[in-house]
Every structure is written in structure tokens, then in C-alpha cells.
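So you can see what is in the structure, the chains are spelled out below.
2 protein chains.
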Amino acid sequence: MLRKYTIFLLLMSGVFSCYSAPLPSWQDGESRQAIVSFVASVTDSSKPDFVPPEDRIAVFDNDGTLWSEQPMYFQLQYALDKLKERAKDDPSLLSSPVLKAAIEGDLKTALAGGVPALQEIINQSHANLSVSEFQREVRQWLNSAIHPTTGLRFYDMVYQPMQELVDYLESNDFTVYIVSGGGLHFLRAFAEQRYGLPPQQVVGSRGNVTYEVMDGTPIIVKTENVLFVDDGPGKPIGIDTHIGKKPIFAAGNSDGDYQMLQWTTSDSPSFGLLIHHTDEEREFAYDSPSHIGELKQGLQDAHANGWLVVDMKKDWKTVYPERP
Amino acid sequence: MLRKYTIFLLLMSGVFSCYSAPLPSWQDGESRQAIVSFVASVTDSSKPDFVPPEDRIAVFDNDGTLWSEQPMYFQLQYALDKLKERAKDDPSLLSSPVLKAAIEGDLKTALAGGVPALQEIINQSHANLSVSEFQREVRQWLNSAIHPTTGLRFYDMVYQPMQELVDYLESNDFTVYIVSGGGLHFLRAFAEQRYGLPPQQVVGSRGNVTYEVMDGTPIIVKTENVLFVDDGPGKPIGIDTHIGKKPIFAAGNSDGDYQMLQWTTSDSPSFGLLIHHTDEEREFAYDSPSHIGELKQGLQDAHANGWLVVDMKKDWKTVYPERP
Chain H
1 MLRKYTIFLL LMSGVFSCYS APLPSWQDGE SRQAIVSFVA SVTDSSKPDF VPPEDRIAVF
61 DNDGTLWSEQ PMYFQLQYAL DKLKERAKDD PSLLSSPVLK AAIEGDLKTA LAGGVPALQE
121 IINQSHANLS VSEFQREVRQ WLNSAIHPTT GLRFYDMVYQ PMQELVDYLE SNDFTVYIVS
181 GGGLHFLRAF AEQRYGLPPQ QVVGSRGNVT YEVMDGTPII VKTENVLFVD DGPGKPIGID
241 THIGKKPIFA AGNSDGDYQM LQWTTSDSPS FGLLIHHTDE EREFAYDSPS HIGELKQGLQ
301 DAHANGWLVV DMKKDWKTVY PERP
Chain V
1 MLRKYTIFLL LMSGVFSCYS APLPSWQDGE SRQAIVSFVA SVTDSSKPDF VPPEDRIAVF
61 DNDGTLWSEQ PMYFQLQYAL DKLKERAKDD PSLLSSPVLK AAIEGDLKTA LAGGVPALQE
121 IINQSHANLS VSEFQREVRQ WLNSAIHPTT GLRFYDMVYQ PMQELVDYLE SNDFTVYIVS
181 GGGLHFLRAF AEQRYGLPPQ QVVGSRGNVT YEVMDGTPII VKTENVLFVD DGPGKPIGID
241 THIGKKPIFA AGNSDGDYQM LQWTTSDSPS FGLLIHHTDE EREFAYDSPS HIGELKQGLQ
301 DAHANGWLVV DMKKDWKTVY PERP
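Protein chains in written order, with the numbering used here: chain H, 1 to 324; chain V, 1 to 324.
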């Protein structure tokens, strides 16, 4: 009797997991409903909006869309930590005013020089090592580095509702790409393990690389200077270069995602989604003005463009995943 | 009785098609056997060389590897045909010595200026139109343009044995990419229809593009000048940018593919394949010196590097597919 009951329970749990509602960390409101309705309409071959699986391309910004980005892009935090490490071995780094300020945490001074200053920081922290060595260093850092205000590992500051959205789209035969202003090689160091997105589904900013044969072993070496910035109008260009198809779903959180959403939603059916950071208790609250992830034009035009604005505070039951 | 017999035949044909030998246009010799053995060893989970499907990346050069490339790259022939067309509308093109020679078919004079001359021809034939408009023009051309010596459409000058190889790898859960010195947008105009390879599985040379909004409609516009040349050491770099994983199978035909094969076969298990153009009757015979697709270093090092050299004349039963 007990055994039969156990089997019954197992069967029922199977039934429930098959039919469990998608996006469990989303409040059951208009935002969740809009997403589910869109996916239903493009996956139902009897509907006029049906899209065949090979054209179900979804693109997601990373910083501020898949994980947090305050008080500074996590990759910039990585760069500063690496600089400090390098300065221990090579104190001559401290003779550069930009690097000295950066190492001391005085970002305002360090970045006052604009793009060339940022370039100097990136060169000193990201260049002159092989791609595989760089990615090993990034993984080591993500494994241990702790966010200054939440006390969480940066690696664990992904948004649980967005991870569910990625998984939900994939389970509906979408191919999901990250399209981020962050570095291509930086993102790929963790995207597969963290988001389940393999390297070929990552589009990002890129620096120069060279192909070299060292002692008979060929390697790809990251060299100095940025080659391509995958932000703003760079996002549709990055999508064209890497994917070659117009997506039907785009998610972002800042005006750097505006053109990606504009490009995606210029054909129908399509879906544009903007994360609005409204939750200062559970995450951060900011839109415009903001030193990072400014969202102004996107908010102004979202209604006219038919884009969904997700209110983190209202729409999400949880922000970060529970630690295992 | 007749009906039963018909059903029996249908069943048997099903059985035979399931178990038909792969690569039917390849002679049953060492080359075919080497490919089949490799695929068997990396797809059998009980073997030490087993590679999980997500890491079964195969890369193919296009010109001279998937289709012919003599007497000139087909894309260059396209450029010349487009130039002639444009010169009809705009005779001022004839005032440029390079373009005038190119339009008159005097390639030796036209290309005497080296890269800047080629750049001028590419700019005038490939730039200042949207990606989708460009690809429409390429498809129109491929639909009708005839090769000067074979009388076949360029579009039909793909190698049947190589198409079978692409299909065979895909049926063994490889993901197959084109990695070509040819233009990214040019290749994508026909790769899906011709080879069954979607745009995101095409890596190629690229020119500049911009993102523009014209009368409210966003478009990607091809602008002037080449940005990235996917040839020689550019091939492993293109693979790193687009795929982010080292392939386990690489096929090429010229020294422009050397680094791609070198990179691919620097880890084990892996397979490097070079097409040797030995068949002047059915295709063309050339290796070194050659004005196109020179193969010298590759032939010299193939044995030491463990690369398979495919002898077109001996190894292939057919070259081009039969016209439907």
C-alpha cells in the first residue's frame, strides 16, 4: 500500500513538473503574462505569428539585465583587482597617474581621462596573455571575489527571474545569445557554466588578438587596444556579424540596448523588454541620470515602441538565486 | 500479393537507406576510410577518443574546398559583373584606371595595384547598400551567372563529395562552420540554401558596416573598406571570435588554410584534411605555383602533421552534383 502511494506521489510530481507554470520567480502579473503570451503565439504552428525554431533568436544584454552592474561593471572591478595584483609584482605600474589612481580605488581620477584612460586600465589587466590563460584568471576571480555591498560573490549576483527566462525560451526552441558591451572573452569564461550559453552564443566587445606559435604550440594571444565596442549601434552590428539574422526577442536595461531593441522590434512578431531597476532594497534603484546603465530614451519611448518595461520591485518575487 | 510485395520493397529500401554507406561519392579507399574511422572514434562513447556533441566543431574553407575557385574566385567574378552593370548606369567609373581595366576583363592591369586596387573593386561592387539588398543581388547573380569554361552555373559548382562530408558530419552531431576568406555577407547569401549551413555558422572576411535608421526603418549598411581578412592566421582568429572553441575537424585546400589546420590539430583527437586539386579533366589541376589557392607548405608538411591529403582525381567518384 505504502509502495503504491509512493508511486502515485512520484507520478503526480512528474505531472506537476511537466505542467508547472513557467517563470516561477515572476509575479503573476502583466509582465509575466506578456512574455508567456508572446512565446505561445510564436510557437503555435496554427497561429499567424508562428516562427519556425531556426528563426527563434533571442538576445540578452548582460550587465544590468542578466546580473547586477552596480556600483561598477563587474568586469571593471575585475580589472582593478588584477591591476592591484600586477602592481605587487611590478611597482612601476604606480608611476602611471591613471593606473596609480585606479589601484588606489580613486576611479573618478582614474577615469577622468575618458576612453584612453579606460583603455590603459584594460590593456594592463586584460592584454598580453593567451585567451585560455585570461579565462582561467577570470574564473578564479569569479570563484572568490565578493561584491562590496551585498557580500555575495559577483558570480552569484545573476537575476534568478532572467535565468528562468533564458531557460524558458530555450525550452521553447529559441537560441539565446548574450549581446553585451562586456568583453567577449570575459563573458565566455563563465557564460556556459553560469547561464548554460556556450561560447558561440556570446557576442561582446573585443580587443585585438594575434595567432602565434610558441614552442610549437599555437595560441591566440590577447594584445592591446579595443577593436569593437558592442554597445549602442554596435549591438545590431555585432548581431549581424555573429548571428546574421534579426532576433525576435531582445532584452536590455539601458540606453546602450536601445538600438538592439529597435532593430529587433522593427519586424513583427517580436518582443522588446527593458529591465527597470526599481528595487533599492533587494538590488539597486537607478535609471537617469546614472553613471552606469543610464536608462532615459528607452523609458521615454518604450510605450510608443511597444516594449515591455519590467519593474524589478513589482514584477519579481526574488532577485538573486538562493545559494545551494 | 502485389501490394504485400510493394510494402516489402518499401521496407527494405528504408532498411538500406538507414544502413547505406556514408560518403557515396568517395572511392572506397584510404581517404574515405580515414574520415569514417575518425568519426567512428569520436562518436563512440566507449572509446577513449570520444568527444561530446557540443565539442564536435568542424570548419570548412569554401573556395577550392566546398566549390571551385578557378580561373578566379567566384566572388571576384561577381564583383566584375556588378562593376560592368554599374558602369552602364554611371560611366564615370570608367575614368578610374583600375575599374576601367577590371570592367574590360584585364585583371592583370586591374590588380597590378595590389590590395588598394582590389579594395577599390570591392568598394564599387559590394559597398553602399544594405546587407539584405546586397544579398538579394548575390542570389540573383548566382541564379543565372555561368562559369566561363564549364558552362555550369557557379552555384552548381559545389563538390558533391564535400557536400556529403558536411552532411555526414552533421548527421554525427557535428556543428559545421564555413571559415572562408570570402565575404561573410556574400557567403551567407547562399550557404543556407546551398550547403544547409545557417548564417550563424558562417565565418568570413568582413567590411565595415553601419547601423542606420532610414525613414524610420533600421538597416545595416555595407560601407567601404575591408575590416577583417579571414585568411591565414586570420582563420584561427575568426574561429576564436565566432565560435570560441577549438574545432576537432578542419578541411581546406590552400596555404591560406594552413593555420586553421595547425590550430585544429594541435589538440587530439582531431582531423586535418587538404583537398589537392589533381583533376584537370573533371575540374582543375593546380597546387604551386598558382595565382589562386596556392598549396605548397601544406603539401610539404601534411605527412609530418598527420593531415589527410585528398587526391580529387583518385578519391572522388564524382566532382559536381548531377543537375536535378
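Treat the hints as calculated values from the structure; they're not laboratory data.
On a predicted model such as this, the values are computed, not experimentally measured, just so you know.
Keep in mind that a hint or two might mislead.
To be verified - Below, a list of computed lysine to aspartate or glutamate pairs in the EDC-like style, where the Cα atoms sit at most 20 Å apart:
1) K108(H) / D89(H)
2) K108(H) / E137(H)
3) K245(V) / D81(H)
4) K296(V) / D267(V)
5) K317(H) / E192(V)
6) K245(V) / E212(H)
7) K245(H) / D279(V)
8) K245(H) / D106(V)
Said to hold, decoys possible - Every beta carbon over 10 Å from chain V, so not counted as near; a handful from chain H, in silico:
9) G29
10) F38
11) M72
12) K100
13) N143
14) T175
15) H242
16) Q297
To be verified - Covered stretches of chain H, going by a simulated chain V footprint (3 or more residues, C-beta under 8 Å):
17) 188 to 202
18) 213 to 221
19) 258 to 266
Just so it is clear, CB atoms sit at the ideal spot from N, CA and C, and this is done for glycine as well.
Query raised in the report: If you check each hint against the structure, which ones fail?
Result: Numbers 1, 2, 3, 4, 5, 7, 8, 14 and 15, in rising order.
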